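Protein chains: 2
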Amino acid sequence: MTKRISEQEAAQRLLGADNILLLAHQYPDGDTLGSNFALYLALQALGKTVRVACEDVIPEKYDYMDVSASMPDFEPTFICALDVADAKLLGSGMQEAYGDRVDLCIDHHSTNTGYAAETCVDASCAACAMIILRVIRLLEVELTPAIAQCVYTGIATDTGCFKYANADALAHRMAADCMDLGIPYEMINRVNFDMKSRARIELERMALDNMEFYHNGRVALMVITNNMVATSGATENDLEGLPPIPRQIENVWVGITLRQKADGNYKISVRTGTHADAAAVCALLGGGGHNRAAGCAPSGTLDEAKAAILQAVEQAVPRITTG
Amino acid sequence: MTKRISEQEAAQRLLGADNILLLAHQYPDGDTLGSNFALYLALQALGKTVRVACEDVIPEKYDYMDVSASMPDFEPTFICALDVADAKLLGSGMQEAYGDRVDLCIDHHSTNTGYAAETCVDASCAACAMIILRVIRLLEVELTPAIAQCVYTGIATDTGCFKYANADALAHRMAADCMDLGIPYEMINRVNFDMKSRARIELERMALDNMEFYHNGRVALMVITNNMVATSGATENDLEGLPPIPRQIENVWVGITLRQKADGNYKISVRTGTHADAAAVCALLGGGGHNRAAGCAPSGTLDEAKAAILQAVEQAVPRITTG
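Those protein sequences? They're chains A and B, same order as listed.
In this text, residue positions in the first sequence follow the working numbering: the first is 6, and each later residue adds one.
In this text, residue positions in the second sequence follow the working numbering: the first is 6, and each later residue adds one.
Note that these hints are calculated values from the structure, not bench results.
Accuracy of the hints is not assured; some may be wrong.
Using 25 Å as the maximum straight-line C-alpha spacing, the simulated SDA-like pairs for lysine to any residue come out as follows [unchecked claim]:
hint	chain 1	residue 1	chain 2	residue 2
1	A	Lys-201	B	Thr-326
2	B	Lys-201	A	Ala-212
3	A	Lys-201	B	Arg-203
4	A	Lys-66	B	Ala-174
5	B	Lys-66	A	Phe-218
6	B	Lys-201	A	Gly-222
7	A	Lys-66	B	Gly-278
8	A	Lys-201	B	Ala-204
9	A	Lys-201	B	Met-233
10	A	Lys-201	B	Glu-255
11	A	Lys-201	B	Ala-170
12	B	Lys-201	A	Ser-202
13	B	Lys-201	A	Asn-215
14	B	Lys-201	A	Arg-223
15	A	Lys-201	B	Asp-214
16	B	Lys-201	A	Thr-279
17	B	Lys-201	A	Leu-263
18	A	Lys-201	B	Arg-324
19	B	Lys-66	A	Asp-173
20	A	Lys-66	B	Asp-173
21	A	Lys-201	B	Gly-278
22	A	Lys-201	B	Asp-199
23	B	Lys-66	A	Ile-250
24	B	Lys-66	A	Ala-174
25	A	Lys-201	B	Asn-256
26	A	Lys-201	A	Leu-244
27	B	Lys-311	B	Ala-321
28	A	Lys-311	A	Met-216
29	A	Lys-201	B	Leu-244
30	B	Lys-66	A	Asn-221
31	A	Lys-201	B	Ala-212
32	A	Lys-201	B	Asp-173
33	B	Lys-66	A	Leu-213
34	B	Lys-201	A	Asn-256
35	B	Lys-8	B	His-114
36	B	Lys-201	A	Arg-210
37	B	Lys-201	A	Ala-204
Since the model is a prediction, treat every value here as computed from it, not as a measurement.
Chain A extracted, bound-state conformation:
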């Protein structure tokens, strides 16, 4: 059973620790990386020995956060996971190595499983990086442009560049505070939201060609197979940001993306608006997430995965089958 602690207490734990290992979640995104590298830089400024670890290779587009900086090698005496709602999400290697000995987890997912000894969660924050910004202020470390651009990256990426429902006034103001430091936000936005390779465009076209609609167009379902990825020439970098696409279509309540994994099974992403709860849908298949964005990974063939998720939608959103 984890102990819930405040941001002040989280800052105290970090101030008292050294040889700190920070952990990002697998399939790392801008928020887990921005949170990790912002806190990494802040703890470094305090003279601590610290490194960031992630199960997966970090996509090149995040190079601007200096994520390739060589990390010191040491035996950690304090382990802190950022934006990781469940020990499983560390990835199998990291979970095996550290999953049962995480000292502190700082997170913004209401579904956090409490796997860490102590947990600091604020589910009202659009991004984990917003909590990290407040923790860094509590650490009394000077906010540098290098730290600020990591925090900005977390806020911008988890809000879809300030487009989603979670992009509230606080998210805008914290982003503005970061921008006051003089960060290259134009480049950050272009890299994360406004740049597609030709392979990505080809992949999107194939996916759109095969989009399926159910329940009078209220459910849109898109499939990305390994074969489509290979044919388009898309790299891992090209595969981010696909899940929002089905719900961008007019009148769609639930947008579903099935992406084939290396083992042949499918990872399912669900996106919803005000009419449906994505976390409730995915919980029926052992997954979780936020109200508007969640995921799950039932094993099975494409047809089995499709049938499972469509049934979960009907069960969690009964209104979708009527009228």
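Dock chain B against the given chain A, drawing on the hints supplied.
Relative to chain A, chain B alone:
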């Protein structure tokens, strides 16, 4: 020759006026409409007789701003254009009726031609609506949710939902100030940035199929013909927001969109990043705009329009032809 005046002076002029006609530019976008309807509501709150006019029908998606509210009919004694850089941009009908008797223009285009008797320009503002928010504060009108959502719409749409270079800290903070009033920003963002009809998706696919590249992929050129629009079933609402697409492709410095008009000629939109000045390119063909987003409308066939804009790019951005 226009007289340049301050925001304080602009507010004074409005306070002293009545029977006020506010003018939006043709092909109205979120900023000209948000600016007009915000100021309309503020002047109404002051007990003034006021209406908004626009050459073109206002796209349905802006209905949430109550743009369909019936406007009073009266002979204007004060005419004020908002976000209109040139009298030509009022559209031919409005230009003929009012172009040479605009009393005040409030605008954020550095290229403003000074066609009004008095002009209040702040080109450092990402959106005209930001200037309008300050003017409304100077009018000492209470900021209501109805006004705030118009201002937010202007800021969000002119910054590409806070994605473009002009989305600076001030733009974020002014948006946050609007959000403090309790505006439906999720709906506004979805309507403006995250909703595509199936016809729009079909049109985008056709346009992507025929994308042309020049100068080693640094120039991407997209064409939207009347025939493509008809085949896709796209309506006027579906045609907004196409110009950013070509520059979203990796390594593209200059993204060009040629859209056929009803008369068969082409309207050209140019989008650039840090490597090229869109306004300089379009100025060579009698157009104008901002550094990163500009337009022009040379007459001629598709081949003539293409040749003209490609030559203008080579002339304005000589570096693009080398290395």
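Evaluation of the provided hints:
no.: 1; hint: A:Lys-201 to B:Thr-326; verdict: 23 Å, holds
no.: 2; hint: B:Lys-201 to A:Ala-212; verdict: 15 Å, holds
no.: 3; hint: A:Lys-201 to B:Arg-203; verdict: 21 Å, holds
no.: 4; hint: A:Lys-66 to B:Ala-174; verdict: 23 Å, holds
no.: 5; hint: B:Lys-66 to A:Phe-218; verdict: 23 Å, holds
no.: 6; hint: B:Lys-201 to A:Gly-222; verdict: 13 Å, holds
no.: 7; hint: A:Lys-66 to B:Gly-278; verdict: 17 Å, holds
no.: 8; hint: A:Lys-201 to B:Ala-204; verdict: 22 Å, holds
no.: 9; hint: A:Lys-201 to B:Met-233; verdict: 23 Å, holds
no.: 10; hint: A:Lys-201 to B:Glu-255; verdict: 5 Å, holds
no.: 11; hint: A:Lys-201 to B:Ala-170; verdict: 18 Å, holds
no.: 12; hint: B:Lys-201 to A:Ser-202; verdict: 21 Å, holds
no.: 13; hint: B:Lys-201 to A:Asn-215; verdict: 17 Å, holds
no.: 14; hint: B:Lys-201 to A:Arg-223; verdict: 14 Å, holds
no.: 15; hint: A:Lys-201 to B:Asp-214; verdict: 15 Å, holds
no.: 16; hint: B:Lys-201 to A:Thr-279; verdict: 17 Å, holds
no.: 17; hint: B:Lys-201 to A:Leu-263; verdict: 20 Å, holds
no.: 18; hint: A:Lys-201 to B:Arg-324; verdict: 23 Å, holds
no.: 19; hint: B:Lys-66 to A:Asp-173; verdict: 22 Å, holds
no.: 20; hint: A:Lys-66 to B:Asp-173; verdict: 22 Å, holds
no.: 21; hint: A:Lys-201 to B:Gly-278; verdict: 14 Å, holds
no.: 22; hint: A:Lys-201 to B:Asp-199; verdict: 17 Å, holds
no.: 23; hint: B:Lys-66 to A:Ile-250; verdict: 20 Å, holds
no.: 24; hint: B:Lys-66 to A:Ala-174; verdict: 23 Å, holds
no.: 25; hint: A:Lys-201 to B:Asn-256; verdict: 9 Å, holds
no.: 26; hint: A:Lys-201 to A:Leu-244; verdict: 10 Å, holds
no.: 27; hint: B:Lys-311 to B:Ala-321; verdict: 15 Å, holds
no.: 28; hint: A:Lys-311 to A:Met-216; verdict: 13 Å, holds
no.: 29; hint: A:Lys-201 to B:Leu-244; verdict: 21 Å, holds
no.: 30; hint: B:Lys-66 to A:Asn-221; verdict: 22 Å, holds
no.: 31; hint: A:Lys-201 to B:Ala-212; verdict: 15 Å, holds
no.: 32; hint: A:Lys-201 to B:Asp-173; verdict: 23 Å, holds
no.: 33; hint: B:Lys-66 to A:Leu-213; verdict: 24 Å, holds
no.: 34; hint: B:Lys-201 to A:Asn-256; verdict: 9 Å, holds
no.: 35; hint: B:Lys-8 to B:His-114; verdict: 16 Å, holds
no.: 36; hint: B:Lys-201 to A:Arg-210; verdict: 15 Å, holds
no.: 37; hint: B:Lys-201 to A:Ala-204; verdict: 22 Å, holds
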